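If you're matching them up, the sequences are chains A and B in order.
According to numbering that gives the first Met the number 0, the first sequence is numbered sequentially starting from 0.
According to numbering that gives the first Met the number 0, the second sequence is numbered sequentially starting from 0.
Treat the hints with caution; some may be incorrect.
Unchecked claim - Taking lysine to any residue and the SDA-like style, the derived pairs with C-alpha atoms no more than 25 Å apart in a straight line are:
1. B:K57 x A:T42
2. B:K116 x A:L218
3. B:K116 x A:I139
4. A:K121 x A:M92
5. B:K97 x B:E51
6. A:K78 x A:V88
7. B:K116 x A:L128
8. B:K116 x A:T42
9. A:K78 x A:S245
10. B:K5 x A:T42
11. B:K116 x A:I39
12. B:K53 x B:F13
13. B:K102 x B:Q48
14. A:K78 x A:L128
15. B:K103 x B:Y87
16. B:K27 x A:S245
17. B:K35 x B:K127
18. B:K31 x A:S280
19. B:K57 x A:K121
20. A:K327 x A:N312
Source of the hints: derived by calculation from the structure; they are not laboratory data.
All values derive from a computational prediction rather than experimental measurement.
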Amino acid sequence: MGLGLSLTAVIALILLVFAGVKGANLHLLFGAVIPYAAFIIFTIGVIYRVVKWGRSPVPFRIPTTGGQENSFPWIKQNKFDNPSTTSGVIVRMLLEVFAFRSLFRLTKSELKDGKLVHGSDKWLWLAGLAFHWCFLIILIRHLRFFTQNVPFVIQLFEALDAFFQVGVPLLYLTDIFLVGAVTYLFLRRVVFPQVKYISLAADYFPLLLILSIAVTGILMRYFIRVDIVGVKQLTMGLVTFSPVASESIGVIFYIHVFLVSVLFAYFPFSKLMHMGGVLLSPTRNLANNNRMVRHINPWDYPVHVHTYEEYENDFREKMKKAGIPVEKE
Amino acid sequence: MYNGGKIFIGLIIFVGLLILPFYLSMGKAIAKPDPKVDTPVIKQMAVKQCVESKDFMKTAHMQMLNDWRDSVVREGNRLYTAADGKSYDMSLQNTCMKCHSNKKQFCDECHNFVAVKPYCWDCHLMPKEGA
Chain A
0 MGLGLSLTAV
10 IALILLVFAG
20 VKGANLHLLF
30 GAVIPYAAFI
40 IFTIGVIYRV
50 VKWGRSPVPF
60 RIPTTGGQEN
70 SFPWIKQNKF
80 DNPSTTSGVI
90 VRMLLEVFAF
100 RSLFRLTKSE
110 LKDGKLVHGS
120 DKWLWLAGLA
130 FHWCFLIILI
140 RHLRFFTQNV
150 PFVIQLFEAL
160 DAFFQVGVPL
170 LYLTDIFLVG
180 AVTYLFLRRV
190 VFPQVKYISL
200 AADYFPLLLI
210 LSIAVTGILM
220 RYFIRVDIVG
230 VKQLTMGLVT
240 FSPVASESIG
250 VIFYIHVFLV
260 SVLFAYFPFS
270 KLMHMGGVLL
280 SPTRNLANNN
290 RMVRHINPWD
300 YPVHVHTYEE
310 YENDFREKMK
320 KAGIPVEKE
Chain B
0 MYNGGKIFIG
10 LIIFVGLLIL
20 PFYLSMGKAI
30 AKPDPKVDTP
40 VIKQMAVKQC
50 VESKDFMKTA
60 HMQMLNDWRD
70 SVVREGNRLY
80 TAADGKSYDM
90 SLQNTCMKCH
100 SNKKQFCDEC
110 HNFVAVKPYC
120 WDCHLMPKEG
130 A
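Please put together the full structure from these sequences, using the hints given.
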């Protein structure tokens, strides 16, 4: 169900651009208005979600026991998996964000010859890490379309990505790895019954969307060439707020840009918000210093306390009559 | 907000990165590349046209060069027949650069704009400029 829905949605989006650009000549709409709108939705949406998370109180440090916590001096603490200091937390966050350490610990349980066996499962980690790094590099590379005098760093990324100088236009390594990784991430939801069982449209859709973005980009670079000079004129028009609609650019470009716009606009409403969420995970970003520091309930407010003294004042006479001992006569 | 300071700094960085491209291009006019096709060889041509149609050259000249290279180096086939029936010697230096002898005002004009640096000139000779 979810799979069919997502597939239909992505195909419908592509057909929409076809109709809009080829049929109705809406170049300005698909080349400027929708990208701008998507960018605004993305920016405001992400800020809104993060602020909303920030306003919900974090009750108490949740010590995820990925390692030995700080204890007696002769027991060795696992400083990065169960940090008790800010610097330890910083290392844990860096490992989490840049190396997906939590995912690295993933295990798999299977029945083998009637016996339940547990083993490590690194494929998800590997594909996830490859995918995210490729995506980042591709994003940085694309900035060459959004800067006039392309900064050296961006050119460096591009040169390294095309390091092997295969063919012309030079083959980007990230193109191969990204498609491979996303394909694995997608197939795993289709092939493994356990994963398929818990997969929803919200899981398939972003994967199919990203896969179509990658495929349209690759088609555009290596197979169905478009007028790149025209493309850069359009993108530079976007960043200088003087958009130009170019009719000379092939429709594949508009499909690519529209799918990217959809991804950006969909971002704040979806599980893709884990981009901000990973930084705000209480189990990752709080030091386990529960026993060293007094933590006060952040939403504490003055509670009206009815002390025993007040209680006795209220009921002294009745208590005496019933023969209950009282502290003050 | 809880831990408001840290979250605020994070959001400032996030928005800063998003605004960066806009900021870098602020107030700059976009220089449209203007490849010059006024070399002596081209001036002498009766019909000023490239190997293939202008649209095709604009979008796919790098693929054409790649095909030419493969064809020459791997198959030893040096003759290219264009769509209009004309024949060309498949050569970067002797064909393209004979007509487009103004590399700086032609090839580089576009390439600088889109920030590509073809590495072909590591080996192939550039035409002597000013000629």
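| request: Would you mind confirming whether the straight-line C-alpha gap from K27 of chain B to S245 of chain A stays at or under 25 Å? | output: It holds: about 20 Å lies between the C-alpha atoms, which stays within 25 Å.
| said: Given the hinted pair K116 of chain B and I39 of chain A, is their Cα-Cα distance within 25 Å? | reply: The hint is violated at about 34 Å.
| query | Does L128 of chain A lie within 25 Å of K116 of chain B when you go C-alpha to C-alpha? | reply | The hint is violated at about 30 Å.
| Is the hinted pair K35 of chain B and K127 of chain B satisfied, with a Cα-Cα distance of at most 25 Å? | Answer holds: K35 of chain B to K127 of chain B is near 16 Å, not above 25 Å.
| query | Holds or violated: are the alpha carbons of K102 of chain B and Q48 of chain B at most 25 Å from each other? | reply | holds (17 Å)
| message | For K31 of chain B and S280 of chain A, compute the direct alpha-carbon distance and say whether it is at most 25 Å. | response | Measuring from Cα to Cα gives roughly 47 Å; hence the hint is violated.
| For the pair supplied as a hint, K103 of chain B and Y87 of chain B, is the alpha-carbon distance within the 25 Å limit? | holds (23 Å)
| query | Regarding the pair K116 of chain B and L218 of chain A, is the alpha-carbon distance no greater than 25 Å? | reply | Holds, at roughly 21 Å.
| task | Given the hint that K116 of chain B pairs with I139 of chain A, test it: the Cα-Cα distance must not exceed 25 Å. | result | holds (18 Å)
| message | Can you confirm whether the C-alpha distance between K78 of chain A and S245 of chain A stays at or below 25 Å? | response | Judged against 25 Å, a Cα distance of about 56 Å means the pair is violated.
| request: For the pair we were handed, K57 of chain B and K121 of chain A, check the Cα-Cα distance against 25 Å. | output: Measuring from Cα to Cα gives roughly 46 Å; hence the hint is violated.
| query | When you check the alpha-carbon spacing of K53 of chain B and F13 of chain B, does it fall within 25 Å? | reply | Judged against 25 Å, a Cα distance of about 43 Å means the pair is violated.
The structure fails to meet hints 1, 7, 8, 9, 11, 12, 18, 19 from the earlier list, while all remaining hints are met.
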